[in-house]
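Please take these sequences and the hints and turn them into a complete structure.
The sequence shown begins at 1 in my numbering and counts up by one.
These are computed hints drawn from the structure, not numbers from a lab. Nothing here was measured: the structure is a model prediction, and the numbers come from that model. Keep in mind that the hints are not guaranteed to be accurate.
SDA-like mimics (lysine to any residue), calculated; alpha carbons at most 20 Å apart, straight line [stated by the list, open to error]:
#1 K79 / S24
#2 K79 / G60
#3 K58 / L20
#4 K85 / S24
#5 K82 / E16
#6 K76 / G60
#7 K79 / L49
Simulated restraints, written as ranges between beta carbons of each label pair [unchecked claim]:
#8 E63 / S107: 39 to 47 Å
#9 K110 / V45: 29 to 37 Å
#10 T38 / V3: 19 to 27 Å
#11 G72 / L98: 35 to 43 Å
#12 W66 / E46: 18 to 26 Å
#13 F17 / I106: 30 to 38 Å
#14 Q104 / P51: 18 to 26 Å
#15 R75 / Q104: 37 to 45 Å
#16 C18 / G72: 25 to 33 Å
#17 D89 / E27: 13 to 21 Å
Cβ atoms here follow ideal geometry from the backbone N, Cα and C, with glycine treated the same way.
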Amino acid sequence: MNVENTQVQMRKGILEFCILHIISRGEVYASDMLEELTSAKIIVVEGTLYPLLTRLRKAGLLEYKWVESSAGPPRKYYKLTKDGKAFLDKLEETWDELQASTNQIISQNKTN
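In structure tokens:
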């Protein structure tokens, strides 16, 4: 079994949650998201981000607007919809539960 494959799957599992969190701070440009995700070692390829953003938009969780740029073509800025905020709130509850459960299990290894 390859540990790198498992690590990649773990990162993929929380990618959507992290993207929604980044966008929840306010309107954000996709390359800024990519930079933050890459620096946090959550994602390293552009080809993963854009299809996910499209899927989240089609699900009604995100919307975007085009903003003119003096440095080139217009930029697409994403923000959460009301449904997106509610969805993120539910994911937060799940994250808190998973984190507590995981810590409980891991702490048993430290006490034995």
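Of all the hints given earlier, name the ones this structure violates by number, lowest first. Numbers 13 and 14, in rising order.
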